[in-house]
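> Given next are the chains, with one letter for each unit.
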Amino acid sequence: MSVLREKILNVASDLFQTRGINSTGVDTIVAVAGTTKMTLYKHFQTKENLILEVLKRHNQEFRDWLAEKLGESSRTPDKRLQALFDYIEEWMAAPEFRGMPFLKASAEFPNEENPVHRLSTEQARQFRQYLASLAQEAGASDAETLALQLSMLIEGAMLAEQMRRGSGAAKHAKKAARVLIEAALKR
Amino acid sequence: MLHSPWLLKMLEKSGSTPRERVLALFDILQDWTTAPGLRLDSSDAGLSDPNEALVDYLTEQMTVLRLAEPGVLARQVYFIAMGALQATRGGENSNAFIHGRHAVAVLLDAQRPPRRLKTGMAVVSASIFLLASAMFFGLGIKSVPPNTMTAFSTKADNDMLFSIHASTSNSPDQVASLHDSLERIRRGVCQYPQALMLAPEARAVFLENIVNGLVPANANQMREARQLMQKVECYYAPVAMTAL
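Just so you know, the protein sequences line up as chains A and B, in that order. Per this note's numbering, residue 22 is the first one in the first sequence, and the count goes up by one each step. Per this note's numbering, residue 5 is the first one in the second sequence, and the count goes up by one each step.
These aren't lab readings, by the way, just hints derived from the structure by calculation. Some clues are possibly wrong.
When the alpha-carbon atoms are kept at most 20 Å apart in a straight line, the in silico EDC-like pairs for lysine to aspartate or glutamate are as follows [as the list claims (entries may be wrong)]:
1) B:K17 x B:E64
2) A:K63 x A:D107
3) A:K100 x A:E82
4) A:K192 x B:D35
5) A:K58 x A:E74
6) A:K192 x B:E24
7) A:K207 x B:D113
8) A:K195 x B:D31
9) A:K100 x A:E117
10) B:K13 x B:D31
11) B:K13 x B:D60
12) A:K196 x B:D113
13) A:K192 x A:E74
14) B:K17 x B:D35
15) A:K207 x A:D163
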């Protein structure tokens with residue numbers, strides 16, 4: 022991958038997270054990246070494409086990180102499901118936490134036809150699916166329902182943490198998750 | 005929107021019990037997001053509104069329900085409501101509110117005071133004011149002078165528990181530690197079911213020195229109060245929550 026392309030992606034990713042996607046212009050991105058608009062368009066064609074690339078990369082990084090963390094643990098499946106919340110808490114507590122990119126993107130692009138909205142909806146769906154597979158391995162009788170409940174809890178907590186850093190949202194969500202997981206496994 | 009006076013008003017008249025009102029949040033949000041011509045624009049949802057009115061309202065309801073950690077529970081419900089709104093963005097997961105409601109019902113049940121479940125005694129979860137009034141006025145238990153330490157001490161002197169060393173004075177450390185414990189009890193949501201099972205003498209100390217929070221005048225009473233205090237169950241909202 023070209024070094025410049027990588028640089029533009031990194032800068033855009035950082036600016037989108039800190040300033041918001043819509044309020045970050047292409048001019049700012051190229052200025053901070055130390056390149057030209059022509060180079061940006063050569064690699065990404067449009068700003069929309071650049072946004073899509075940034076979202077894909079964030080999502081991949083998050084999934085890889087989570088899979089690696091969960092893979093490291095030799096826990097039983099039900100403990101892994103619970104451990105997921107420890108890692109999410111860890112992730113949310115990191116100083117560089119800026120929220121779940123797909124949550125922010127879907128908020129900034131509410132139009133359902135918009136490709137950015139569509140991609141973020143798809144990423145949210147994949148995340149729920151991942152939770153459902155963990156729930157199924159853990160033996161939940163209704164893995165889909167538990168996955169939806171847990172994803173709502175996580176997304177709600179992330180939105181709250183985004184609004185107010187240090188809100189303790191992750192810790193509260195983790196406690197609630199434990200109750201929901203136990204209840205679902207008992208059934 | 006999530007914190008609007010309209011929503012709070014709707015919640016208030018949505019049910020006759022706090023539990024019904026908390027769960028009704030999901031019904032109202034579902035109606036609101038699916039009403040023809042009123043289709044929710046996600047920017048109206050208040051997902052980025054740092055206002056706390058809804059959390060405050062939910063906390064009140066949890067407090068009335070005497071659930072453990074009302075502030076924490078309120079926030080958990082709030083997360084699920086926000087998560088459900090988020091999940092319905094783009095028209096997906098129209099059943100998110102139903103699942104959200106169910107999840108909240110599970111959380112409420114799990115937080116019910118455990119003693120209430122075990123003993124089934126409704127009175128256990130009653131507020132201390134009800135408990136105290138029942139003892140003073142309803143059950144006709146022998147008189148416990150309600151507020152004056154002097155009168156109480158005179159009575160205690162005649163009781164077996166406090167007949168020895170009644171005039172021994174308290175050490176400053178003990179007084180400080182008791183003050184500290186009482187202060188903590190005041191900050192928490194506490195339950196005093198043990199009062200029902202105590203001997204009348206101990207119950208008097210319990211009511212006077214722990215429930216009413218008066219520091220005992222002598223060492224024996226102090227010792228007794230400290231022992232009884234350990235039986236009190238309190239739930240505290242974390243400092244970060246109370247500071248909000």
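> Each of the hints needs a verdict: does it hold here or not?
Verification of the supplied hints:
A distance of roughly 15 Å separates the Cα atoms of B:K17 and B:E64; the hinted pair therefore holds under the 20 Å criterion. Annotation: proposed proximity of A:K63 to A:D107 is violated, straight-line Cα distance about 42 Å (limit 20 Å). Straight-line distance between C-alpha atoms of A:K100 and A:E82 comes to about 23 Å, which puts the hinted pair past the 20 Å bound. Straight-line distance between C-alpha atoms of A:K192 and B:D35 comes to about 31 Å, which puts the hinted pair past the 20 Å bound.
A threshold of 20 Å between alpha carbons decides the hint, and for A:K58 with A:E74 the separation of about 17 Å falls inside it, so the pair holds. Annotation: proposed proximity of A:K192 to B:E24 is violated, straight-line Cα distance about 26 Å (limit 20 Å). Proximity of A:K207 to B:D113 is assessed by CA-CA distance (about 14 Å); at most 20 Å being required, the pair is judged to hold. Distance restraint check for A:K195 and B:D31: the Cα-Cα separation of roughly 25 Å exceeds the 20 Å cut-off, and the hinted pair is therefore not satisfied.
With a C-alpha separation of about 27 Å, the suggested pair A:K100 and A:E117 falls outside the 20 Å cut-off, and the hint is violated. For the proposed pair B:K13 and B:D31, the alpha carbon gap of about 14 Å is at most 20 Å, so the pair holds. As the CA atoms of B:K13 and B:D60 are separated by approximately 14 Å, the hinted pair is consistent with the 20 Å bound. Between A:K196 and B:D113 the alpha-carbon distance is near 14 Å, which keeps this suggested pair within the 20 Å criterion.
Restraint check for A:K192 and A:E74: the C-alpha separation of about 31 Å exceeds 20 Å, so the hint is violated. The suggested pairing of B:K17 with B:D35 holds, with an alpha-carbon distance near 15 Å, which does not exceed 20 Å. Distance restraint check for A:K207 and A:D163: the Cα-Cα separation of roughly 11 Å lies within the 20 Å cut-off, and the hinted pair is therefore satisfied.
In terms of the numbered hints stated before, the structure departs from hints 2, 3, 4, 6, 8, 9, 13, listed from lowest to highest.
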